[in-house]
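Protein chains in written order, with my numbering: chain A, 1 to 228; chain B, 1 to 427.
Bear in mind the hints are in silico, worked out from the structure with no lab data behind them.
Just so you know, even glycine gets a beta-carbon here, dropped at the ideal spot from N, CA and C.
Just so you know, not all the hints are guaranteed correct.
Mimicking EDC-like on lysine to aspartate or glutamate, the simulated pairs with C-alpha atoms at most 20 Å apart in a straight line are [claimed, not checked]:
no., chain 1, residue 1, chain 2, residue 2
1, B, K224, A, E108
2, B, K326, B, E232
3, A, K66, A, E24
4, A, K204, A, D84
5, B, K248, A, E108
6, A, K148, A, D189
7, B, K248, A, E206
8, B, K248, A, E93
9, A, K66, A, E28
10, B, K224, A, E85
Covered stretches of chain B, as calculated for chain A (at least 3 residues, CB under 8 Å) [unchecked claim]:
no., segment
11, 299–312
12, 385–397
Derived, one-sided and incomplete: chain A residues facing chain B with beta-carbon distance under 8 Å [as the list claims (entries may be wrong)]:
no., residue
13, R17
14, E24
15, P25
16, G26
17, W27
18, E28
19, V86
20, G170
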Amino acid sequence: MKVLIVDEEPGVVQVVRATFRAQEPGWEILNASTGEEALDLIEREHPNLVLLDVALPGMDGFTVLKEIRRFSDVPVIMLTVRDDEVSKVTALELGADDYVSKPFGALELVARARAVLRRAEGLPLTHEEPFVCGDVRLDFDSRRLTVKGKPVELTNTEYRLLYHLVRNAGRPLSHEALLARVWGHEYTDEINYLKVYISRLRNKIEPDPQHPQYIRTEYGYGYSFRAP
Amino acid sequence: MAPPIRFSLKDKTASGFWPATIMDRVLLALRWAVLALAVGLSFIDRSKEGVFIAALPLAGALAVYNLAILLTSRLLPWLRQPLNVMALDGLMATLAVYLNGGYHSAFFVLYIFVLLNAAFRFSVVGSMLLANLVGFLYIAACLRNPAGLHAPQAWDIFGTKLISLLLIAFLSSLLLEQLRVEQQATARERALLEAQSSFISAISHELRTPLTCIKTSIELLQAKAQESDENERELLQTIADHTARLEKLVTDLLQMMRLEAGQLTLTRQPTDVTVLLRRAAAALEPLRRSKGQSLELDLPDDLPRAWIDRERIEQVTANLLSNAIKFTPPGGRIRLTLRHIPHEKVLAVAVSDNGPGIVPEEKERIFTKFYTGRRSASGIGLGLYLARQLVELHGGHITVESTPGQGSTFTFTIPLEVASDESAHRG
Chain A
1 MKVLIVDEEP GVVQVVRATF RAQEPGWEIL NASTGEEALD LIEREHPNLV LLDVALPGMD
61 GFTVLKEIRR FSDVPVIMLT VRDDEVSKVT ALELGADDYV SKPFGALELV ARARAVLRRA
121 EGLPLTHEEP FVCGDVRLDF DSRRLTVKGK PVELTNTEYR LLYHLVRNAG RPLSHEALLA
181 RVWGHEYTDE INYLKVYISR LRNKIEPDPQ HPQYIRTEYG YGYSFRAP
Chain B
1 MAPPIRFSLK DKTASGFWPA TIMDRVLLAL RWAVLALAVG LSFIDRSKEG VFIAALPLAG
61 ALAVYNLAIL LTSRLLPWLR QPLNVMALDG LMATLAVYLN GGYHSAFFVL YIFVLLNAAF
121 RFSVVGSMLL ANLVGFLYIA ACLRNPAGLH APQAWDIFGT KLISLLLIAF LSSLLLEQLR
181 VEQQATARER ALLEAQSSFI SAISHELRTP LTCIKTSIEL LQAKAQESDE NERELLQTIA
241 DHTARLEKLV TDLLQMMRLE AGQLTLTRQP TDVTVLLRRA AAALEPLRRS KGQSLELDLP
301 DDLPRAWIDR ERIEQVTANL LSNAIKFTPP GGRIRLTLRH IPHEKVLAVA VSDNGPGIVP
361 EEKERIFTKF YTGRRSASGI GLGLYLARQL VELHGGHITV ESTPGQGSTF TFTIPLEVAS
421 DESAHRG
């Protein structure tokens with residue numbers, strides 16, 4: 001397992017390296033101090049996980065994340081000193097998989113890294129009948145989604161979320177239940193994660209994402225997928 | 001010369017002859033609008049006295065002049081100076097008035113463009129000086145025209161037009177001066193906010209980065225120190241406790257700065273407040289046990305869920321509970337209560353203790369920033385201030401009731417209905 005830590009501060013790189021050495025001795029830790037260096041390393045070394053600081057010299061972390069997403073689906077955890085909702089949502093919308101505020105603890109960081117890697121592995125394939133509702137068809141065997149017959153690409157987290165929604169089609173699922181099933185029990189307060197991913201799914205499957213027909217908002221409770 | 005009004009909306013694609021700023025576009029539109037107005041008013045002017053060139057051919061010539069100004073202004077540096085263009089426009093307006101019959105010519109409206117142009121670029125004094133100059137040019141054009149001011153109604157028409165020109169110059173320069181002042185104030189405010197925001201970012205980085213290194217290192221050392229001697233473990237625990245204290249201080253200070261800069265927003269989600277309060281109480285369990293205090297939880301189930309920012313309400317509760325633990329003597333009693341008040345459509349959370357209580361004159365002051373009071377030997381007086389701000393950000397209130405010697409009860413409310421502008425963000 002290769003983890004790339006991108007941070008300008010040598011102290012942070014050092015403690016992250018020490019943390020993983022102590023908790024996951026088998027993992028190889030790479031480091032970069034600028035965005036350019038990080039992009040170069042991702043292309044050359046294909047890390048399994050990137051820990052990306054927002055405040056980088058020159059190209060900032062958000063720009064680096066945007067560049068990464070042009071060519072790679074590698075899971076990215078943003079590290080930042082800002083714990084405001086705006087930067088959190090910005091990071092998630094740009095394709096970050098998680099967001100950790102400094103000062104973080106060693107155990108918290110490793111737990112987040114494991115959770116992100118677990119999500120990136122994807123769900124095991126299941127041999128069930130495909131789910132069909134209107135123009136949406138989800139094939140559980142191959143994890144393929146088609147809308148109006150056209151294939152639609154889904155990230156692993158998007159697939160997990162859609163999978164839980166369609167498996168319970170016609171039944172509302174609470175915010176907590178979705179967060180726990182898709183992200184993990186430690187994420188049940190992170191409603192922003194859910195909002196960003198629901199919005200991404202709607203953009204991919206709804207004819208008019210502003211007036212969703214498939215993924216409905218259950219006000220004050222959660223979301224439901226239309227029954228077939 | 002006052003700084004010209006520059007509207008912030010710039011068209012990045014502007015190139016060639018198309019004006020780049022909104023002000024220049026407005027002026028270009030006005031240039032053609034006054035020419036059209038002159039042609040329109042010419043139909044009312046029936047007098048042929050002193051007319052060398054009729055209105056329509058004259059308007060055609062002026063249209064050619066306008067086009068020439070537009071096309072050559074980018075090529076000739078001389079025409080990029082607004083004052084030069086204004087002088088040229090003033091002379092053209094004077095020539096048009098002279099050629100079209102002097103006092104009764106409708107082409108006097110061309111001066112309006114010159115005056116508006118001046119109002120956009122100069123201060124009130126500058127605009128009025130130019131208006132006087134324009135007035136003299138207009139008088140000269142009328143007097144030099146063969147029609148002169150001999151007709152019986154000539155002085156009335158001439159006087160009315162001259163006064164109108166001066167009034168337009170005065171009012172438009174006043175209005176635009178006001179706009180300019182407001183725009184400068186907004187720009188200053190924006191610059192101040194940007195400076196504040198980048199200061200908060202910089203200070204967050206400078207304070208939180210070293211804390212990350214310390215906190216992570218301590219955790220790793222603590223994990224290794226299980227087998228080492230007790231003295232070492234105690235020292236590490238002391239470092240860990242003080243780092244946590246420093247982290248709380250930094251977090252509170254940064255939160256205060258963000259609150260005051262209007263940067264703190266709530267992430268509301270439907271929440272079972274009973275569960276949240278149990279969690280907050282459990283987090284302080286070790287501290288309370290170390291003082292041998294009892295905690296009574298009166299948290300009914302099946303209360304309506306509230307749209308709250310869980311982290312912030314948990315922070316408020318933890319703050320009130322830790323204050324109660326801190327100020328109540330060992331062996332004291334603490335009580336955490338949750339009530340639904342249906343007619344007020346709120347949930348009320350109360351933290352009571354049987355500590356020393358608060359004297360009446362301190363009751364209001366304890367919620368103010370940096371007020372530490374007589375009770376506290378540590379802390380910088382931000383906890384209750386932040387609690388009040390966070391509760392009020394949710395639309396609730398926080399109050400305290402206390403009898404010295406018998407204890408205190410802090411109560412805060414959480415509205416069950418969120419304001420309509422906020423509910424729009426629910427998803």
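Hints not upheld, ascending by number | Of the numbered hints given earlier, those the structure breaks are 2, 3, 4, 6, 7, 8, 9, 10, 12, 13, 14, 15, 16, 17, 18 and 20, listed in rising order.
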